[in-house]
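Q: Single-letter residue listing:
2 protein chains.
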Amino acid sequence: MGKKIVVIGGVAAGPKAAARARRLDPTAEITIVEKDELLSYAGCGLPYYISGMVQDRRQLMTTPVGVMRDPTFFAKVKGIKVLNRTMATTIDRKAKEVEVRNVDTGATQRLPYDKLIIATGAEPVEPPIPGKELENVLQLKRVEDADRFREHLQGGACPMVAIVGGGLIGMEMTEAITACGSGVTVIEMLPRVLTMLDPDMSLLVENHMRSRGVKVLTSTRVERFEGDENGKVKAVVTSNGTIPVSLVLLAIGMRPNVTLAKEAGLLIGASGGIYVNEYMQTSDPNIYAAGDCAEKSCFVRGTGCFLPLGSVANKEGRVAGSNAAGHVDRFPGVAGATALKVFDYNIARAGLSVQQATELGIPVISAVAASPDKPHYYPGAKPVVLKLIAEKATRRLIGVEGVGLGDVVRRVDVAITAMTAGMTVDQVAGLDLTYAPPYSEAMDVLIVAANIARNKLDGLMRGCTSTELQASRQAGEDLMLLDVRSPDEHQAGAIPGSTLVPLGAVRGRLAEIPRDRRVVAYCKSSLRAWEAARILAGAGYTNVEVLDGGMMAWPFETQQGA
Amino acid sequence: MGKKIVVIGGVAAGPKAAARARRLDPTAEITIVEKDELLSYAGCGLPYYISGMVQDRRQLMTTPVGVMRDPTFFAKVKGIKVLNRTMATTIDRKAKEVEVRNVDTGATQRLPYDKLIIATGAEPVEPPIPGKELENVLQLKRVEDADRFREHLQGGACPMVAIVGGGLIGMEMTEAITACGSGVTVIEMLPRVLTMLDPDMSLLVENHMRSRGVKVLTSTRVERFEGDENGKVKAVVTSNGTIPVSLVLLAIGMRPNVTLAKEAGLLIGASGGIYVNEYMQTSDPNIYAAGDCAEKSCFVRGTGCFLPLGSVANKEGRVAGSNAAGHVDRFPGVAGATALKVFDYNIARAGLSVQQATELGIPVISAVAASPDKPHYYPGAKPVVLKLIAEKATRRLIGVEGVGLGDVVRRVDVAITAMTAGMTVDQVAGLDLTYAPPYSEAMDVLIVAANIARNKLDGLMRGCTSTELQASRQAGEDLMLLDVRSPDEHQAGAIPGSTLVPLGAVRGRLAEIPRDRRVVAYCKSSLRAWEAARILAGAGYTNVEVLDGGMMAWPFETQQGA
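Chains A and B, in that order, give the protein sequences.
Residue numbers for the first sequence follow my numbering, beginning at 756 and rising by one.
Residue numbers for the second sequence follow my numbering, beginning at 756 and rising by one.
So here's chain A without its partners, still in its complex pose (with noise of 0.2 Å):
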């Protein structure tokens, strides 16, 4: 008899762990216990499943060439067991036993396991907000929870859908709800969506979805649901007033499904998650973790943190199937990556945004460069903004962002691989990426972005972001606003109150610059601003920032015809 290996849930570290098991030991007993119908699904795809983009919910849960990942399936091809609609319902971990519970007939029984791999997922948090059991007030975890969604949506038969939560879920759900023809208010407690963002990163992401006829309430408390004589939801009455709605997504969270784990006396990390090492083993050693239930450690925060994603589950359920099959593989931790499509909105981070290291108490440096994706000649070039925040002390890039109609994924999965090796922004500057003019500039935006990093911790540069400028000027600070775009530029669209001294001018126009109140130097990106600051500087001038981006990074008012 070959040893017995028990993995409960078979969504995706699931079915990873039996296969890379089934894979290294050809002759163990390999079971999956699936709660629900459906295995092996994308539950990231479910928001284009629900926008159309998806046609049939079956792509989401068949292999690349079309068949069908059902118990059928993994018994023929993959030769695992598979029990679906059925509940683990206690670990017996002195007779190294799981007690299941088909959900239809009720039928228990007892599975024996060598090795046991927890893999039970997340689900969404339930907010106590009274009326949220009305009909029509949703959540997104299930192939199901789609179908519903299409169900509501299709033929625009939901003219106003609220959504409440500004997160990852929330945001990529605004386009697919768009998509469907109905109108979408958002609505977020905190004073910005996006929180994963630093303050000037996000609101570019709230200007673009408003740009697409999203309304984004922030700063806004659901007080209640209300729902009609049939129960449904009719409005959702926030601390901002009272929308009109015929459907609403509750996207406030997830959190990690650990009371199975908890009731069998599991350790549980202080993030909510099954606490594992790094081979991905609980605090009993004959029981691993993987996937959304088990915290995740951090290697920039160097903490445990909550991460569903379904590429971390996949790699935590192949250590752990490997491991339980006897060989010894390890899992190094996250970066905290996250990237998601917001309309024609690319969105990637990791590591620590500034907020974030400001609260660890990390003195960091940040730089903004904005550019286009590839040479501004080359047809179908789109603009990103590219963030990376350093260590002071170290040099070291401990954050990356970028969002942006251009490609900010790879300039991000670069620079997390660059933050994984705990390399410098020195060094990053000096990395021979790919180069041809499809695909990049001569420079970079990444190595831009380093670069300017690089001349902030010399002492060269002081920048300034957006929201920075945007309080000094809400303060009512005596601040000189320089515009160092040419004349038509300025036209266009200006900060309100700058200055116009064009680049090309500021050497000999030295005494309309003021030496005794702060400069704050833009152009379009930044960089003619970072010359007029040397040649400030060359000239005497100490107080002179450069606006972080440049215009192309700026979210706030401007002024055309200045």
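Just so you know, these hints were derived from the structure itself, not from any lab.
Watch out, some of these pointers could steer you wrong.
Copies of the same chain look alike in the list, so a pair counts if it fits in one copy or across any two.
No farther apart than 20 Å at their CA atoms in a straight line, the calculated lysine to aspartate or glutamate pairs in the EDC-like style are these [as the list claims (entries may be wrong)]:
no., residue 1, residue 2
1, K987, E906
2, K887, E984
3, K970, D1233
4, K851, E1146
5, K1211, E899
6, K831, E1244
7, K790, D902
8, K831, E1267
9, K831, D1099
10, K758, E854
11, K970, D1099
12, K831, D1243
13, K989, E792
14, K896, E906
For chain A, the structure is supplied; the task is to place chain B on it using the hints.
A: Structure of chain B alone, referenced to chain A:
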């Protein structure tokens, strides 16, 4: 008086060095000497100007906001003096002076320097082929060369164009010339094009070019060019017959322009470029060199090399400019990164190919992953084939190659960063890269490739490249080719002589699979073949290989209705 910095060369590294020096030293007197009219243009953009994709040559020499980078721009905006149409004729190292001559007036002058930066670039190699002086036999280096191509190609005036040389410029120009409505024949002396790639990868590119109507003649030597009565080329006489043509592009390679440096007694490296240390300093501490004329240090090979790329030139120019201005900066060397687009194929590589590693005596394994660049259910997913090369002894990633319709550049850039950091394939497999369906699979093709490499290094998987298999087939070796796909897939196109046993049936049909012969299993990518190989290993088979990359990476003939 400020420090005197003279820069010879005004295209890429030169202007970058001058601009950087200016920013660091506001009082320096900085002069650029350029023998041609035009400055600071995007040489890498010339194929796209020839194809008409970039319509106006001005776009190649203006800033992103449309300002021409001419001597007036440099004087006014950058504070840099430019002498164009001025040839540097002698470097007098003793007197620290450069003698220059205006190419129009013949007037000479001597420019004193404290620091000199040589950025004289590279020139196309002129092969000693009889008839190369005929009209319509062109090279491509300057904007004026591109103008000549446009004149000749306009309105389909050249029905057939020969490209001599299957390297980077030749390949990029196949698309540009085809876009002008001309037929293209590529003539390459070696047995294949793009020898920077391993043959299994370069053959995929060749197939793609042929599918677009390009004629590719490999192992073919050009004997001479024949002209008509007007001195225009009319035919290329090759070792494989005579080809009637009306235009020829000679693109057999580039070589660094080092005459001036050599005459000044500066050390020249083994690769033919000017020797520089990591500060970009030549053998004369007051003279720097940067860009195509300077030897690169390749940190993968550990030797000097020639790599004429705008990205490297810009980085080196920045370092040379910093050091010339009295700051300290270093250039860490190159990974040999190269990218190009040929029709709809994206191609990128860095580090060592298997062929190069073998020549250097480094034992390696290679891993090929073939997969869509995003989930198969997401619209617009396109296939990529990615090859990783890892050193056996250290498990370090030392090479990467990617080709395909999908996004290979991102994966190669991440691999380059990992190589630069000295990561093992185990570390690459653990990278927490971004994940969302619009951008990648949950297990990205790079992670999959790294895991394949690990399986091979751990002795779990034995691979066989397409070219190895083809050689065995052609040698008439008695092997079993095992197609583990579905009957439909097999029917649609299989490797001739293969036997169909779908993966799900392998366990039950072991009797049909010989134990005493070499078995090569394959499927669409290589995942199912790998599972089949593990089933066979579990059943005691000892001579089973997996076809690297499967049918997605198979460049040879297939058979329908097998």
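Q: Evaluate each hint against the coordinates.
A: Going down the list of hints, with the structure as the test:
1. In the homo-oligomer, the alpha carbons of K987 and E906 lie at most 20 Å apart inside one protomer (14 Å), although the nearest pairing across protomers, at 70 Å, exceeds that limit.
2. Proximity of K887 and E984 under a CA criterion of 20 Å is satisfied intra-copy only: 15 Å inside one chain copy versus 88 Å between copies.
3. Taking the shortest alpha-carbon separations for K970 and D1233, neither the intra-copy value of 34 Å nor the inter-copy value of 68 Å comes in at or below 20 Å.
4. For a Cα distance limit of 20 Å, the shortest separation of K851 from E1146 qualifies neither inside one copy, at 47 Å, nor across copies, at 42 Å.
5. With identical chains, the CA atoms of K1211 and E899 are never at most 20 Å apart, being 51 Å at best within one copy and 40 Å at best between copies.
6. Taking the shortest alpha-carbon separations for K831 and E1244, only the inter-copy value of 18 Å comes in at or below 20 Å, while the best intra-copy value is 66 Å.
7. Taking CA atoms no more than 20 Å apart as the test, K790 paired with D902 passes inside one copy only; the shortest distance there is 18 Å, against 68 Å between copies.
8. In the homo-oligomer, the alpha carbons of K831 and E1267 lie at most 20 Å apart only across protomers (18 Å), although the nearest pairing inside one protomer, at 80 Å, exceeds that limit.
9. With identical chains, the CA atoms of K831 and D1099 are never at most 20 Å apart, being 42 Å at best within one copy and 39 Å at best between copies.
10. Taking the closest pair of Cα atoms, K758 and E854 come within 20 Å of each other only inside a single copy of the chain (18 Å); across copies the shortest separation is 82 Å, beyond that limit.
11. In this assembly of identical chains, K970 and D1099 lie within 20 Å of each other by CA distance solely inside one copy; the values are 17 Å within and 39 Å between copies.
12. With identical chains, the CA atoms of K831 and D1243 are at most 20 Å apart between copies only, with a shortest distance of 18 Å across copies and 69 Å within one.
13. Taking CA atoms no more than 20 Å apart as the test, K989 paired with E792 passes in neither setting, with 32 Å inside one copy and 71 Å between copies.
14. For a Cα distance limit of 20 Å, the shortest separation of K896 from E906 inside one copy, 16 Å, qualifies, whereas the shortest one across copies, 60 Å, does not.
Consistency note: the structure conflicts with the earlier hints numbered 3, 4, 5, 9 and 13.
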